[in-house]
Amino acid sequence: MDLKEYFSLVFNDYTLRTITLGTAILGAVTGMLGSFAVLRKQSLLGDAISHAALPGIAIAFLITGTKDTNILLLGALVSGLIGTFWIRGIVKKTHLKSDTALGLILSLFFGFGMLLLTFIQKQPNANQAGLDKYLFGQAATLVESDVWLMAIVTGLCVLVLLLFWKEFKILLFDADYTKTLGFNTKTIDILITSFIVLAIVLGLQTVGVVLMSAMLLAPAAAARQWTNSLAKMVFLAAIFGAFSGVFGTAISASQNNLSTGPVIVLVAAVFVVFSFIFSPSRGLLFKQIRFIKNRRDLELNKTLAFMHQIAETHEDISHPHTIKILNNFQGYTKGTLKKLVDKGFVQLQGNMWSLTKLGYTTAANLYNQQTDSNE
Amino acid sequence: MEQKIAVKVDDLTVAYNYKPVLWDIDLEIPEGVLMAIVGPNGAGKSTLIKSILGILNPIAGSVSIYDKPYKKQRQLVAYVPQKGSVDWDFPTTALDVVMMGTYGSLGWIKRPGQKQKKAALEALEKVGMLPFKNRQISQLSGGQQQRIFLARALVQNASIYFMDEPFQGVDATTEIAIINILKELRKAGKTVIVVHHDLQTVPEYFDWVTFLNVKKIATGPVKDIFNDDNLTKTYGINYKVSIQE
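Protein chains in written order, with this note's numbering: chain A, 1 to 375; chain B, 1 to 245.
None of these hints come from the bench; they were simulated from the model. Since the structure is predicted, the reported quantities are computational estimates derived from the model, not experimental observations. Warning: the hint list may mix true and false statements.
No more than 20 Å apart at the CA atoms, straight line, and that leaves these computed lysine to aspartate or glutamate pairs for EDC-like [unchecked claim]:
1. K97/A / D87/B
2. K166/A / D89/B
3. K110/B / D189/A
4. K215/B / D87/B
5. K166/A / D87/B
6. K179/A / D87/B
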C-alpha cells in the first residue's frame, strides 16, 4: 500500500480510520497540554509520568488477570499519579532539585515495572503475552471505544482550558503573584497536572511508555517557534500534534511493518527541526540572514560616516573628493560605494565622489536613527 | 495626629529548614508612608514581604491589614515581585501582563473585558509604556519590564503596595520615573513598602524606614532613625552615609 492508497482507504477502511482518528486526537491533546509542560519548564515531567505508569499496567494485570485496555490503563493512571505526587513531594520536602526527583522516580518506577513484566512472562498463564506492547505502543490495537475515550477526554480538556484559561496563563507566568491575587495555585496546578497524566496514559497504548514524552514536547516546542501568543501556541501545538499522528499513521501503514508510535514521534521531530530552522522570528535561518544583513548595513554606515567626516571639513558639503582617500578606510569596498550611490547618498563623477544632501543629513543623524530603532 | 496602622506584623518567624531567616518580627506600618526596607543580603527583606503576602508560610506570627487578617483584605494589597522571578520569554504581550493585575478582582473563570482593558491601558500610560503595549515582553529592556510590573500593580488599584527591589538593574530615567509614581501614590494616601538596596537614596526617596537583619533593628521616620548607629547595627560595619536634610 502506498500513501495515495492509504488516503483513499482512510475514509472507507474501518481499522485504518479508527487508528488515524485515534492518533490524530491523541496528538492534538498531548500537543495542547505539552505547551503548558514546556512553558513551566517541566518538559521531563511527561517522561517521568509515562515511565511511572508501567508498574501500574503490570499490577492491574496481576490483580485482574485480564488484558482489557481500560483496566490496564486505569492501573497506569493510578501509578502515574502516584509517581507525580511523589515527585512533587520530593521537591517540596527535600533539597533535591526537580530534575533529580524526576530522574529518580522515572528509573525507580520503570525498573519496578520491567521487573514485574519479566515476572509475568515467566508465569504459566497463556494470557500473559503482549503486555510488553505498552513499552513502544501498538496503534493497531486501537478500537473504536478507545478513540471515543480519547475524544471525550480531549473534549473535557478543551472545556477546562477554555474555562480556566486566565488562571492557567497567570500561573504559568508568575505563580507567586497569582497567590497574592487570592487564587489557590495548588488547585490550578493539580488540575493541569492531572490532565497531563490523563493524556499520557491515554497515549501509552499507541505510542508507548518510552516515547510518550516526545508527543508532549515536540509539538509544543515546534509551536513556540512560530508565535508569541500563548493561545496561538496551544492551538498550533494541537495542529502539529494531530498532523504528526495522521502522517505517522499514514507512513507506517504504507510501509509495511513500521511501528506506528516511533514513526509518529519521528514526524513530530521533523516538525520541530523544520520550525527551528525556518520560523521567521526565532528560526536559525532567518536569524543568520538578519545577522549578515545587519553587518552589511553597519559597514555601509561606517563608510558613510567616514565620508561625512571628510565632507564636514569643507564649507560646501557636496564638494567632490577623490575615491582614493577612501582606500585607507577599512569598511570601504567598491560594492559599498555602489550601494551608497544606489541609495542616493553619494554622487560619482569620474573618480571623484561627493555626498548628496540626503547622504549628508542621513550621515549626521546616523547615531540617532540607530537608537530610535532600538527603542 | 493619630495615624491608622495599615500593616501590622506580630511575632513573625520564618525558617528554611533549621536556620531562621526572620526572627520574631513585630512591625507596624502607618497608613500613607513611603517605606524602605533595608538590610544586608540574606537579611530576609524579600522573605518578609513574601511572608506578609502569604507566598511563604511562616512558622509563627500573624499579619493584619487595617486590623483584619490579610486573607480577608487581599484586594487592598498589590505586589510587585522582583523582575528576575519570571521567565520573560513567556509568549505574551506587555498589555496582557498588565491585564493580569485585574484577575484578582475578576475571580475564578470570569474573563477580562473592555473595562479591564481600559484600566490596563491607563496604567501603561502612567508608567510611560503605552507605545509598547503590543510588544512581546522578551523584546522589552530591563527598565521597561520593571515598569510593566509596576503598571500591573497599579491596575489592582490597591491601598497598600509591596515592591521587591523595583530599582534593581534599571537606568536613571526609569528610576526617576518609578520614584515619581511612588511619590504620587503616597500623595493619594496609599502606603508603599519597598525593599531597597541603595542606602544613599533612602533619605531622598523615602519618609519611613525599617532596618532588618533577621531581626528587626529599628523602624520609624527616616529623619529620626536613619543614622550611623542603626546602620552599624544592621550592617555590622561602620557604614557612613551623609544624610541630606
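Going through the hints against the structure:
no., hint, in the structure
1, K97/A / D87/B, "holds, 18 Å"
2, K166/A / D89/B, "holds, 18 Å"
3, K110/B / D189/A, "holds, 18 Å"
4, K215/B / D87/B, "violated, 32 Å"
5, K166/A / D87/B, "holds, 17 Å"
6, K179/A / D87/B, "holds, 17 Å"
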